[in-house]
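J.: Listed below, chain by chain, are the residues.
There are 2 protein chains.
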Amino acid sequence: MEKTFDKKQLTKKSENIADWYNDVIKLADLADYAETKGCMIIKPLGYAIWESVQSTLDKWFKEDGVQNCYFPALIPMSLFEKEKEHVEGFAPELLMVERIGDEKLANPYVLRPTSEAVIDTAIANWIHSYRDLPLKVNQWCNIFRAEKRTYPFLRTAEFLWQEGHTSFASVDENLEMTFKALNWYKDFYEKYFAISVYVGVKSQSEKFAGAKNTYTIEIVAPNGKALQGCTSHDLSDNFSKVFDIQYLNEKSEKCYVYQNSFGLSTRSIGALILTHGDDLGLVLPPKVAPTQVVILPILKNKEGDTVVIDKANEVANVLKKENIRVLIDSDSNHSLGYRINEHELHGTPLRIEIGGKEIENQKLKLARRDTLEKIEIDEKEVSEKVKEVLELIQNNLLNQSLKLKTSLTKEADSYDDFKNMIENDKCFVRSFWCEDKECESKIKEETKAGTRCLEFDQMGDDNVEGKCIYCGKIAKHKWLFGKSY
Amino acid sequence: MEKTFDKKQLTKKSENIADWYNDVIKLADLADYAETKGCMIIKPLGYAIWESVQSTLDKWFKEDGVQNCYFPALIPMSLFEKEKEHVEGFAPELLMVERIGDEKLANPYVLRPTSEAVIDTAIANWIHSYRDLPLKVNQWCNIFRAEKRTYPFLRTAEFLWQEGHTSFASVDENLEMTFKALNWYKDFYEKYFAISVYVGVKSQSEKFAGAKNTYTIEIVAPNGKALQGCTSHDLSDNFSKVFDIQYLNEKSEKCYVYQNSFGLSTRSIGALILTHGDDLGLVLPPKVAPTQVVILPILKNKEGDTVVIDKANEVANVLKKENIRVLIDSDSNHSLGYRINEHELHGTPLRIEIGGKEIENQKLKLARRDTLEKIEIDEKEVSEKVKEVLELIQNNLLNQSLKLKTSLTKEADSYDDFKNMIENDKCFVRSFWCEDKECESKIKEETKAGTRCLEFDQMGDDNVEGKCIYCGKIAKHKWLFGKSY
Chain X
7 MEKTFDKKQL TKKSENIADW YNDVIKLADL ADYAETKGCM IIKPLGYAIW
57 ESVQSTLDKW FKEDGVQNCY FPALIPMSLF EKEKEHVEGF APELLMVERI
107 GDEKLANPYV LRPTSEAVID TAIANWIHSY RDLPLKVNQW CNIFRAEKRT
157 YPFLRTAEFL WQEGHTSFAS VDENLEMTFK ALNWYKDFYE KYFAISVYVG
207 VKSQSEKFAG AKNTYTIEIV APNGKALQGC TSHDLSDNFS KVFDIQYLNE
257 KSEKCYVYQN SFGLSTRSIG ALILTHGDDL GLVLPPKVAP TQVVILPILK
307 NKEGDTVVID KANEVANVLK KENIRVLIDS DSNHSLGYRI NEHELHGTPL
357 RIEIGGKEIE NQKLKLARRD TLEKIEIDEK EVSEKVKEVL ELIQNNLLNQ
407 SLKLKTSLTK EADSYDDFKN MIENDKCFVR SFWCEDKECE SKIKEETKAG
457 TRCLEFDQMG DDNVEGKCIY CGKIAKHKWL FGKSY
Chain R
7 MEKTFDKKQL TKKSENIADW YNDVIKLADL ADYAETKGCM IIKPLGYAIW
57 ESVQSTLDKW FKEDGVQNCY FPALIPMSLF EKEKEHVEGF APELLMVERI
107 GDEKLANPYV LRPTSEAVID TAIANWIHSY RDLPLKVNQW CNIFRAEKRT
157 YPFLRTAEFL WQEGHTSFAS VDENLEMTFK ALNWYKDFYE KYFAISVYVG
207 VKSQSEKFAG AKNTYTIEIV APNGKALQGC TSHDLSDNFS KVFDIQYLNE
257 KSEKCYVYQN SFGLSTRSIG ALILTHGDDL GLVLPPKVAP TQVVILPILK
307 NKEGDTVVID KANEVANVLK KENIRVLIDS DSNHSLGYRI NEHELHGTPL
357 RIEIGGKEIE NQKLKLARRD TLEKIEIDEK EVSEKVKEVL ELIQNNLLNQ
407 SLKLKTSLTK EADSYDDFKN MIENDKCFVR SFWCEDKECE SKIKEETKAG
457 TRCLEFDQMG DDNVEGKCIY CGKIAKHKWL FGKSY
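Respectively, the protein sequence lines represent chains X and R. The numbering of the first sequence is our numbering, which starts it at 7 and goes up by one. The numbering of the second sequence is our numbering, which starts it at 7 and goes up by one.
Hint data in this document are derived by calculation from the structure and do not stem from the laboratory. Watch out, some of these pointers could steer you wrong.
Chain copies aren't distinguished; within one or between two, either way the pair holds.
[As the list claims (entries may be wrong)] Lysine-lysine pairs mimicking DSSO-like chemistry, simulated, CA-CA at most 27 Å apart:
1) K409 - K393
2) K32 - K142
3) K43 - K110
4) K32 - K68
5) K416 - K213
6) K326 - K142
7) K247 - K43
8) K260 - K32
9) K231 - K213
10) K257 - K306
11) K448 - K90
12) K88 - K43
Bound conformation, chain X alone (with noise of 0.2 Å):
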């Protein structure tokens, strides 16, 4: 009843990624489907990944000043309804709450989508004076958005999030946080995940509903369709205005506070799984992997095994004084062959195996994950070396997902070379577009693609003006289009 790892049942990512997607969540244990309608359930590798995004973001929030808080997930309808734009946005993918037991409630509830209707009411009445101010909050919790289909963290009626909320005396202050905020992911995709993104704005049709602006990482798949991985929208007054956030300033005036919210969500995991992966499942970057090195003592269930697991043993010690995670892994139930599979399999990346040859010599062989390279070294200088090539992955990975992400992107001139790269290239395409919805609405009804965002790149006063793709008129800017996963 040995629970066996058949390679073939992991299609291949360059046959067919749909399949390849999910057989790697399955068969690495990151998630698994729930019988409610659009949820997962995520086990233990993934969430462990998920830990690993909270401890990184939580240190870099509260060393800002943003405090944790815990508000209500049942909203009541009467305050989601306030923001106009807000519930309309959101209205065909609320889960209602209408009965308590036996008994049918008169005001329903929603379960919150978003955050903002909660928590500004309970703000309102913390902020009285400029003193209170900048008020700074977040919350990692649970949300709920109506999905017809599960996408394993990539589509889930239920997601964990954090979403931050902060509010403002000044615009200025206010923007600042905004774009700080959006500064946090961006270096969190770049230096813990190794996703190289894009970092702009977007469209007026695809922001927030009752944002004045959302700014936002967009990502490229492998398969060219693009992933949101992250938002920070600018809310303006907007909402301080409908939930009478005011403040006293020095002058005793009272003013509305200017508030941003930011939010990166289980999502993200999705974006890891497919950049990094290849054929033979997972590739973690070491940053974030929960097992940065596995060591497999080579076992022949003989006398001499014992010394191979102390030598394992006094390795492993080694590297965790230096605060790697590493795991032993000396099942003797399964052969080496099947265990160097799993561990593959499972994204770590970097393996030692030591048997009695290794200990004789006084080396140890290295394995990458990310290349498949095998390194020997001296056993002295362990640690170095593995702190060294842990660096190395954690670079070559990003590397590599920079070169995707520039092979995934193409600049069209023409309308029909757009049509072309988003129909035969499959890629992001970079195009002049006049900002007018109608324009927007046709391409992407007509090819499927969408405004993903406006690069800040593309913003500089050096841009020079063209024309747009689709209706010919002057276009200030190129926008980045892609088909939405």
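Based on these hints, arrange chain R on the given structure of chain X.
T.: Then chain R, alone, in the frame of chain X:
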């Protein structure tokens, strides 16, 4: 518009503990009422205490091989109904999701009041062979159980908790885990929350719906009322039979797993507030206090202030090096007296005031929050003295709690004495009870006091039999009774 703290706003604990409790929660920024019926908002100080609960317990769980996962909050009613006692026990407090957007659901969802149904459905597919056992999962999540009234932390329609769910091949291993979890909780309450507790088993009518036995930690509040601190349930094979969780043993025979589940929630914070708080506000045990030491520079709005602030930073840095959580409050908008009151209200265990005189004499004055005692020390011995005093505070709070518990627990040999103690002494009463449901419910009906638990201390072989205080029949053990919060 200075936010003024008027001590008169805080009801005296000795005069009206219910009002005091509400006042301290509001004034110390622990929680806020929400628009959602029965729900509360956990504010930064309250949430920081929860984070300290999380980090300690989570470490213990992981060291034992318990793995964090995340399961859907929405449980199809059809799954929830499978275990008959389970659904009957929870039915009146279930929040139902019956509509998504405009679409009425044919199969409604229950918002999880606990997750056995959804977790057991999943793990039935994860467990195949004896090699898959034990399986130990845990999740940190929100829980929904309708409440008519809100008692912040103590009773809310939504609360946060962890729920561990573990499965074993044998009855013995399962019981061992059930008690291990209970011991973690006991250690946490005593060594971290500094609360002396009762540990025992629930009566059959008070156990978890669907369990074989529920083990519990019971706390006497200062008003003699009972708080259930957490629970660890021996589910035996009750749920595994319903959800068909079987494995093949070494002889290839199909067997049901034995299971338990254990949970501790944000309700524990209510016990913490009630146990240690006093007429000046909250009192936090150092081990769970987000800020352990507050340094108050005595400022005169003169040139000398810089020296004072420099010294405060110097002392703070010395303490930070020892991993002591320090805050410097140099808010010059408020008087020293105001700031002292604020930090007493927020329960910070230790206060250090630094002014010109202290710098001149190279002395520091430590003020203990628990005893309000002031201790003069040499500045150069600050880190050892602070550590010493923090430990003294932690121990003193536990001792005080033990005294409180002992003074609020009486023994009654007759029903008259029992009624008198419950009514007038307002305390826990330990009495012989025959373990017949009818006596239990009659006692509760007549006195409002229910069984809290049979303490492990009262189970030993050397315990003599006695007569049930209600019916006079033979009773094997003395049970603990009390009015519920």
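J.: Run every hint past the structure and note whether it holds.
T.: Hint check results:
no.	hint	in the structure
1	K409 - K393	within (24 Å within a copy, 53 Å between copies)
2	K32 - K142	between (38 Å within a copy, 19 Å between copies)
3	K43 - K110	both (24 Å within a copy, 14 Å between copies)
4	K32 - K68	between (35 Å within a copy, 23 Å between copies)
5	K416 - K213	within (24 Å within a copy, 64 Å between copies)
6	K326 - K142	between (36 Å within a copy, 24 Å between copies)
7	K247 - K43	between (37 Å within a copy, 25 Å between copies)
8	K260 - K32	between (56 Å within a copy, 25 Å between copies)
9	K231 - K213	within (19 Å within a copy, 52 Å between copies)
10	K257 - K306	between (81 Å within a copy, 26 Å between copies)
11	K448 - K90	within (26 Å within a copy, 55 Å between copies)
12	K88 - K43	between (29 Å within a copy, 19 Å between copies)
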